[in-house]
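*Asks:* Which chain is which? The protein sequence lines are A and B, in order. Position 52 (the first sequence) corresponds to 52 in the numbering used here; numbering is contiguous. Position 61 (the second sequence) corresponds to 1061 in the numbering used here; numbering is contiguous.
Fair warning: there could be bad hints in the mix.
[To be verified] Partner residues are not named here, just some residues of chain B that face chain A (Cβ under 7 Å, in silico):
#1 S1032
#2 G1043
#3 S1094
#4 L1102
#5 G1105
[To be verified] Distance ranges between label pairs, derived from CB positions:
#6 B/S1003 to A/K11: 28 to 34 Å
#7 A/V12 to B/G1016: 40 to 46 Å
#8 B/K1069 to A/E59: 24 to 30 Å
#9 B/L1056 to A/V12: 42 to 48 Å
#10 B/L1007 to A/S67: 35 to 41 Å
#11 B/H1010 to A/T15: 28 to 34 Å
Hint data in this document are derived by calculation from the structure and do not stem from the laboratory. Positions of the beta carbon are idealized from the N, C-alpha and C atoms, including for glycine.
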Amino acid sequence: DAGITQSPRHKVTETGTPVTLRCHQTENHRYMYWYRQDPGHGLRLIHYSYGVKDTDKGEVSDGYSVSRSKTEDFLLTLESATSSQTSVYFCAITDTKREPYNEQFFGPGTRLTVL
Amino acid sequence: AQSVTQLDSHVSVSEGTPVLLRCNYSSSYSPSLFWYVQHPNKGLQLLLKYTSAATLVKGINGFEAEFKKSETSFHLTKPSAHMSDAAEYFCVVSDDPGANNLFFGTGTRLTVIP
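Please work from the sequences and hints to get the whole structure.
*Replies:* In structure tokens:
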């Protein structure tokens, strides 16, 4: 499982409140990702990071921000949660140490409900 | 630009019969291709991956996939379905090893009928 944990695993919050999801990895991987999973859409990339303090936007970044102050932690923040952000959020890392050098491993997911 | 099309959103087979989940991709480069499986309320697990070493790729649990460049396809097959194969399957493409970004298909839900 590449030593990836996500917290919290489940969260219910109200519209307009800030929410932060945490992804933690123990194997010093450089690349980390946040995806959301919605029925009929597969997984869509929100933001990714290629190192400490280096992040970039993915396909569906509006309404989300990220931070990576340490290699092991990648935080996803919803500044003001909306009902459209109800989803399952997955964190992933890329194992660049072995071929094909872009295989991703996923955390267990966080189910977020915005009421 | 890369993209993935999974041709069936839902496939239903009887236990013991063959499984075929179809995937077509588009890519500007020589792609890496993956199949991931997700069981209900679980995370994603890698089934198999194509990395240009061999066009027929064998994965876990008896699954395999064949890379066909001329057809831009990477269909997933299994000779005999088992009840435990019921899950959602995602075809994924990455066309630039340096980019590290993956693009997911919308998924195919496999139902296995006893």
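*Asks:* Take the hints in turn and mark each one as holding or not.
*Replies:* Taking the hints in turn, this is what the structure says about them:
1. S1032: holds (5 Å)
2. G1043: holds (5 Å)
3. S1094: Result: holds, 5 Å to nearest chain A Cβ.
4. L1102: holds (6 Å)
5. G1105: Nearest chain A Cβ about 6 Å off; hint holds.
6. B/S1003 to A/K11: 28 to 34 Å: Roughly 32 Å apart at Cβ, these two residues keep to the hinted range, so it holds.
7. A/V12 to B/G1016: 40 to 46 Å: holds (42 Å)
8. B/K1069 to A/E59: 24 to 30 Å: holds (26 Å)
9. B/L1056 to A/V12: 42 to 48 Å: Check passed, 46 Å falls within 42 to 48 Å.
10. B/L1007 to A/S67: 35 to 41 Å: holds (39 Å)
11. B/H1010 to A/T15: 28 to 34 Å: holds (33 Å)
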